[in-house]
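Taken in order, these protein sequences are the chains called A and B.
Residue numbering for the first sequence is 1 to 469, as defined by full-length UniProt numbering.
Residue numbering for the second sequence is 1 to 358, as defined by full-length UniProt numbering.
Just to be clear, a hint being listed does not mean it is correct.
[What the hints assert, rightly or not] Calculated cross-link-like contacts (lysine-lysine; reagent style DSSO-like; alpha-carbon spacing at most 30 Å):
id: 1; chain 1: A; residue 1: Lys-189; chain 2: B; residue 2: Lys-275
id: 2; chain 1: A; residue 1: Lys-174; chain 2: B; residue 2: Lys-345
id: 3; chain 1: A; residue 1: Lys-222; chain 2: B; residue 2: Lys-345
id: 4; chain 1: A; residue 1: Lys-184; chain 2: B; residue 2: Lys-345
id: 5; chain 1: B; residue 1: Lys-103; chain 2: A; residue 2: Lys-179
id: 6; chain 1: B; residue 1: Lys-214; chain 2: A; residue 2: Lys-285
id: 7; chain 1: B; residue 1: Lys-345; chain 2: A; residue 2: Lys-189
id: 8; chain 1: B; residue 1: Lys-214; chain 2: B; residue 2: Lys-280
id: 9; chain 1: A; residue 1: Lys-284; chain 2: B; residue 2: Lys-144
id: 10; chain 1: B; residue 1: Lys-144; chain 2: A; residue 2: Lys-285
id: 11; chain 1: A; residue 1: Lys-97; chain 2: B; residue 2: Lys-103
id: 12; chain 1: B; residue 1: Lys-103; chain 2: A; residue 2: Lys-186
id: 13; chain 1: A; residue 1: Lys-284; chain 2: B; residue 2: Lys-280
id: 14; chain 1: B; residue 1: Lys-144; chain 2: B; residue 2: Lys-214
Everything labelled a hint here was simulated from the structure, so no lab data went into it.
Bear in mind the structure is a predicted one, so any value in this text is a computation, not a measurement.
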Amino acid sequence: MSENTQNTAQSTPATGTGSGAAKRAAAPATSSAPQGGAKGARAVVVAGNRIPFSRAGGPYANASNQDMLTAAIDGLVARTGIAGERLGAVAAGAVIKHSRDFNLTRESVLGSALDPATPAYDVQMACATGMETVSSIANKIRLGQIQAGIAGGVDSSSDAPIAVSEGLRRALLKLQRAKTTAQKLKAFKDLRPGDLAPSVPSSGEPRTGLSMGEHQALTTQKWGITREAQDELAAASHQHLAAAYERGFFDDLVTPFNGLTKDNNMRPDSTVEKLGGLNPVFGKKLSSEATMTAGNSTPLTDGASAVLITSEEWAGEHHLTPLAEVVDSEAAAVDFVTGNEGLLMAPAYAVPRLLARHDLTLQDLDLVEIHEAFASTVLSILAAWESPEFCKDRLGLDAPLGSVDRAKLNVNGSSLATGHPFAATGGRIVASTAKELAARAKETGKPQTALISVCAAGGQGVAMLLRSV
Amino acid sequence: MSTPDPVLPTVPSDYELIQPAGSVKLPALYASAGARAASSAASDAAAAATHKVLPALRDSPVGRVLPGALRKPRTERVGAALQVPRVAHVVEDVSAEPEWHEKFCRVVHASTHPVAPGSQHTAVFSGALHALAFPVAMSVLTRKDFPLPVLGMVHLSNTIRHVTDVAVGERLTATAWTENLGTHRSGTTVDAVVTLSREDGSVAWAGRSTYLAKGVHTAIADQGARVPEESSEERAPFDPPQQTAQWVLGAGAGRDYAAVSGDYNPIHLSDPSAKALGMKGAIAHGMYTASRALALTGVPAEVPFAWSVDFAAPVQLPATVAVSVDDDGRGAHWRGSRVLVWDPKRQRPHAEVTVTAL
């Protein structure tokens, strides 16, 4: 414990009625204990939990984001025996969110087994939301602001908010401001029958109107990613995930929910041949052959994940074993609006910057996790790193980053098999990767390093380094 | 393709400057023109289609004269040598009112900026200035002595010089005239020119629209008939650039733009009203497409610019169209932009917008 927090804890209640010290002294014991740790402490992943991911419209069709996030947090709390603990912070978020869920994470904490005095905040960075919460909680621990926190995310494509049309919304707001009957009637003057139809969230990029799949189709075409390569990656994802379930890898990473015990998008018998029979769904209007199918793209999914990140000291005090250290993370963004770069290519920029900061190469890594938004997203990023032109012109590097050994890539399956509840994906990958790193470090007796990369809407991406402890 | 005027257009010296007949107030002028059209051509199916929109027409901020054009195709003039009326219509106190401007910008997805950094006044979007000036041009095109049938004229291109920003609510004088009758392989072209000027006579904005009257092949009396542009040109196969955006245009896209531009031409409102005028179905307003395209470009605030649009195949509504935006430089380094809008299914262009810094 740092001197700083020691001093705070020793402050006397006599310093004034409104002072924080006085309030802390008056509060119950659990709330008065200082949360801060040592500045410069390592932030370690000690456990992760998620509910099985479900295809939209399935067993979670009636579950809300709050239900699912609470279930993921409670599973984590139960597994780590921290019920009633006051954590420094819980950070989570959802990409598709009801306006009533403005405090989604805090509400989930209040409904969980954690001490209700645990603060919480919502984060939104599209599909990188989970990664950003992990980074944020880890940074607070490193700064000594908190000792332990939960990072996570949730999304429901089934329980999506439905809004009134823009025309009706404006008319209703006008009506609310109207004072006279004439003004009230006038509020509806511009309303047209079409305005009565509700508006549902779409996966289109606000600035381009193109769906994520259509954007990726442009990138897929640019990099010449073949249908076969995409189907191979998709089949491998399902097979790896099935194998991981088979050997019990997910026993302490997943808690059943609403009758589901495994991700119901998983097809253990998936093969390139079977995937080859599917019709393309994206890029059908492009000049080259359309290659992206429902099989090599992620489906709309419901699910939630949570990761417990603490200082080593806190983990020791609570008899928890650190799995991996959150070393660092890097966010990048690209200009996809003008077509200068593909929508989902930001990780291709974030990763080299992160590796350079730690004097690492792609080949130094023991595990590489690249979120499978689409099989061709992973393959386009890999192709970019192998391209001397891309690495020189776009990254300013003398030599290409080179290739990634496929034996190290998404070893326990990724989003193509599990599904992709947007904000929950980061937590899923971080927890699984931390566990795999710990197992491999134990097995080999050598420190292990993993890279995680997640692309996101808005042309963004977050890369992260985890290292075994 | 059209290139922006090298200089600001000015009223030819031998033209007479007059106020449009009847009224100097645009809404009154256009409401009465619309009412005349509806009553004098009640048997005309096309005019009948416009009848429904008259109440809306009266409410619209700028009003519209188009129904006036429905009165009669001027077939009686075919055979005589063509010449445009040597007049310019001058309408004072034209302004973009705040509520109308907000609606216009919402419909064409345009964002706004102040006329100067820190100013409380919003600059009027260049496409909205076109909508503001257009009725004055139409008042010339619908004059009895205008030689071409306005109904069914094809909008070929538009070139605009946006010299300085105009503030929302600022009073301007609109001056409109026609010139440049020209021969085209499919008929006769004419330019309708409008300028928006301030009290000191300086022109803030000028637009030139080129229209084609199909099937009119009459000798032209005026000077300056142009060489047909495309008559001998072989059309190169369409090679689309990389798509950067997509617009999903609903069946009501024409009605949405009509509501803010006041351009209630039946060919944009519904399939039945468009079919009554010989179209396959409702088509998007060319200036809607042009305004949306301009709104996508990176024209920085306060930079004078010229923009032009060339129209190819009309956008049949509803439609999903492909768009490509190519900005040359950004912010202070912006030099120009090019936007192409095309039909991704049939692989044919709808419109091309070119923007250059002045």
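To see whether the hints hold, each was checked on the structure:
Of the supplied pair hints, the one linking A/Lys-189 and B/Lys-275 holds, its CA atoms being roughly 28 Å apart against a limit of 30 Å. A threshold of 30 Å between alpha carbons decides the hint, and for A/Lys-174 with B/Lys-345 the separation of about 41 Å lies outside it, so the pair is violated. For the proposed pair A/Lys-222 and B/Lys-345, the alpha carbon gap of about 20 Å is at most 30 Å, so the pair holds. Taking the CA atoms of A/Lys-184 and B/Lys-345, the gap is near 45 Å; set against the 30 Å cutoff, the hint is violated.
With a C-alpha separation of about 22 Å, the suggested pairing of B/Lys-103 with A/Lys-179 holds against the 30 Å cut-off. Proposed proximity of B/Lys-214 and A/Lys-285 is contradicted: the alpha carbons are some 33 Å apart, above 30 Å. Our distance criterion of 30 Å between C-alpha atoms is broken by B/Lys-345 and A/Lys-189, whose separation comes to about 38 Å. The suggested pairing of B/Lys-214 with B/Lys-280 holds, with an alpha-carbon distance near 17 Å, which does not exceed 30 Å.
Restraint check for A/Lys-284 and B/Lys-144: the C-alpha separation of about 51 Å exceeds 30 Å, so the hint is violated. Our distance criterion of 30 Å between C-alpha atoms is broken by B/Lys-144 and A/Lys-285, whose separation comes to about 48 Å. Between A/Lys-97 and B/Lys-103 the alpha-carbon distance is near 28 Å, which keeps this suggested pair within the 30 Å criterion. A threshold of 30 Å between alpha carbons decides the hint, and for B/Lys-103 with A/Lys-186 the separation of about 16 Å falls inside it, so the pair holds.
Among the hinted pairs, A/Lys-284 with B/Lys-280 is consistent with the structure: their alpha-carbon atoms are about 26 Å apart, no more than 30 Å. Straight-line distance between C-alpha atoms of B/Lys-144 and B/Lys-214 comes to about 19 Å, which keeps the hinted pair within the 30 Å bound.
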